[in-house]
Amino acid sequence: MTVPDGLKRRDFLMKLGLLFNGIVAAILTVPIVRYIMSPVAHARAGRYDSWLSLGKLEQFPAGQTRLAVYRNPVASPWDGDTADIPCWVRNVNGQQFQVFAINCAHLGCPVRWFPQSSLFMCPCHGGVYYQDGSRASGPPERGLFQYHHRLESGELFIKAGEVPTPGSASNLTSITSELPRCV
Amino acid sequence: MRLIKTIGGWLDDRLQVGATLRETAEHPVPRETASWFYVFGSAALVVFMLQIVTGILLALIYVPSAGEAWNSLQTLNHSVALGWFIRALHGWGSEFMVAIVLIHMVQVILFGAYKYPRELTWMVGVLLLLVTLGMAFTGQVLRFDQDAYWGLGIGASIASRVPVLGPQIVNLMLGGPIIAGATLSRFFALHVFAIPGLLIAFVAVHLLMVVKLGINEWPMPGRVVRKATYLKEYHELTKKDGIPFVPLAVWKDLFFGGFILLAIAACAFYFGPFGPSGRPDPTIIQTAPRPDFFFLWLYAVLSLLPPSMETPALLVGPVVALLALFLLPFIFGEGEKSWRRRPIAVLSILLVAVSLGTFTHLSGYTPWSPVMDAWSSTPIPPQYLRNRSALERQGALVFQVKQCHNCHALDNQGGKRGPALDNVAVLLTRDQLIRQVIQGGGNMPAYGKNLSPAETTALVAFLETLRPAGQPAAQDASRAVALAPDRGAPSTQP
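Each protein sequence line maps, in turn, to chains F and Z.
Going letter by letter, the first sequence gives residues 588 to 770 in the numbering used here.
Going letter by letter, the second sequence gives residues 52 to 545 in the numbering used here.
Watch out, some of these pointers could steer you wrong.
SDA-like mimics (lysine to any residue), calculated; alpha carbons at most 25 Å apart, straight line [unchecked claim]:
#	chain 1	residue 1	chain 2	residue 2
1	Z	K283	Z	W390
2	Z	K500	F	K643
3	Z	K500	F	K746
4	Z	K500	F	A612
5	Z	K500	F	P648
6	Z	K290	Z	K500
7	F	K746	Z	P298
8	Z	K303	Z	K500
9	F	K643	Z	G408
10	Z	K467	Z	P418
11	F	K746	Z	K290
12	F	K643	F	V679
13	F	K643	Z	T334
14	Z	K500	F	W700
15	Z	K467	F	P702
16	F	K746	Z	V215
17	Z	K467	F	W700
18	Z	K500	F	R653
19	Z	K263	Z	F244
20	F	K602	F	A612
I should point out that these hints are in silico values taken from the structure, not numbers from a laboratory.
Bear in mind that the values here come from a model prediction, so they are computed numbers and not experimental data.
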């Protein structure tokens, strides 16, 4: 479209107006994107995981595997039950412990412990793990997710806070050998 | 009557849309297209409207908070007058909507309606399928129960496998470190604001193009689409043999739309609302989560793929499928429209339909899931214990206690993860039985460390009784030869 000479100025002003709006939009994008990305930024900064106690060691008799529940360290009042996270605690021999995430390494369904056969089984697609968390059979590509843990003043502490998934479990130990690596 | 006319005239003098609307409503459609095959698109629109209305009604009561959502669903089901019925309408409406959109899509493929000049209409249609499925998935999350909770976990596990960005995508999807309040809030925002907004926009564009380009003519074998001539031919067809959409074609859409609404209401009334199942409390691990109907096939595929194939299939499969759908009108933009001359199109649809149907059917009885309580709640059938020795009965006990029954059926009772064992003694020799139990393999865990020698002996003694009366047990032929006294053992030593 050709613009008559006398109107060139207005045409220019329109383009300037578009540019102005573009700049304002770009400026506003920054806080919006940061707002949306805040969960990622939090995770990056490692602000999700922290050490928490699963309780006195006496709750976990030697040679047994028991369900323990903790309140997620990052939780809001309206989370309700969803912030209560279960995990499996194995007291290997009274001194060595293993703490497994409840989530199957296949698709995150809750695995169940069967003391009679010393197996964890998953109700979703039939993933099975041995008592040390290593993969026994089924679709999982790896063993159960394992929390870092330490024993302190008669209590069992684990480092937890984020749901483990097959792609984001780098902060957790993966199980390859029979014996737990950390004590 | 005159009053209505006066008011209408007054409004239209100011709105200035009457002429456009009339023109749109009365646009000519090819006579044969006014057929019962062409009612699915409008039916999807009708169901979408039902979803909007019932969705707003549900939002009057529903609380999008992880701590309260489940309670508010209970209130809807039990305390609000007919709350259960509105929930049921919305739930059944969702199932119908996905089904109708799929049928509509099949019809469009069979009738070649995606061909020139309706490529973009088709592509927006593919987007509409995606957002419809998006609504179905996010809706299932808002029914915040155990299935929703663990379904989100499954979604997160799948998303986490995206290379490099996986963990970030999980954080974004969950809105935090775990499935909790923030997760439900963002799925609420998606389900109620974001995706419906997209849906309305896409529907508008889709309909606009349908009106502007004209509805697809009835495909005739031999009437070939060519870019150079198609538009002229189509306009001649509608001029020569066209009828106004309103009122001569629309009555079928009206009747079918009404019928579908009635069918949804009937399903809602007879079958009631979906769930909610148990509280979304992760500490209740006695649960076997299942996705909604239209995602069951995916659930089946995930159990049947070999582990190493899974991540590539999950990440590459959808991309390939979407690309194929988007490129379809560009690859096959011209040519025959009639399904009679397009065997490959027909066969592809059949193939996809049969596979999806089979996977969905399989998920009906989830043969890949162990039956988690079979070992304690499904006894060994009595006929398998009659006239057995003490050792064999003890083996039956081991079979129960060691959870073998969770994966193996006896007399059709128990898990189907592994093969039924009613005839196993006919198939496997004693040594093979021992090896299978000790070493496992092929989706069976190895029991070597978890069985004492005495338990193994008893268990295998029981397994050896598992054969139909009169059929001999499996024999190891080479063993018989080796042990036969007169022939002498063939030397195995070098």
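* **Satisfaction of hint between K500 (chain Z) and K290 (chain Z), Cα-Cα up to 25 Å** => 82 Å, violated
* Asked: Under the criterion that the straight-line Cα-Cα distance not exceed 25 Å, is the pair K746 (chain F), V215 (chain Z) satisfied?
  -> 24 Å, holds
* Sort out whether K290 (chain Z) lies within 25 Å of K746 (chain F), counting only the CA atoms. => 75 Å, violated
* Asked: Taking only the CA atoms, is the gap from K500 (chain Z) to K643 (chain F) under or equal to 25 Å?
  -> Violated - the C-alpha atoms of K643 (chain F) and K500 (chain Z) are around 30 Å apart, more than 25 Å.
* **Holds or violated: K643 (chain F) to V679 (chain F), with C-alpha atoms at most 25 Å apart** => This hinted pair holds, its Cα atoms lying about 16 Å apart.
* Decide if the proposed pair is consistent with the structure: K283 (chain Z) and W390 (chain Z), CA atoms, cutoff 25 Å inclusive. => Measuring from Cα to Cα gives roughly 23 Å; hence the hint holds.
* Please work out if K467 (chain Z) and W700 (chain F) have their alpha carbons no farther apart than 25 Å. => 20 Å, holds
* Asked: When you check the alpha-carbon spacing of K500 (chain Z) and W700 (chain F), does it fall within 25 Å?
  -> Cα-Cα ~16 Å, so holds.
* Asked: Is the hinted pair K467 (chain Z) and P418 (chain Z) satisfied, with a Cα-Cα distance of at most 25 Å?
  -> 5 Å, holds
* Would the pair K602 (chain F) and A612 (chain F) pass a check requiring their Cα atoms to be no farther apart than 25 Å? -> 15 Å, holds
* Are the Cα positions of K303 (chain Z) and K500 (chain Z) separated by 25 Å at most? -> 69 Å, violated
* Quick one, are K500 (chain Z) and A612 (chain F) close enough, alpha carbons at most 25 Å? -> Violated: K500 (chain Z) and A612 (chain F) sit about 65 Å apart, past 25 Å.
The structure shown violates the earlier hints numbered 2, 3, 4, 6, 7, 8, 9, 11 and 19.
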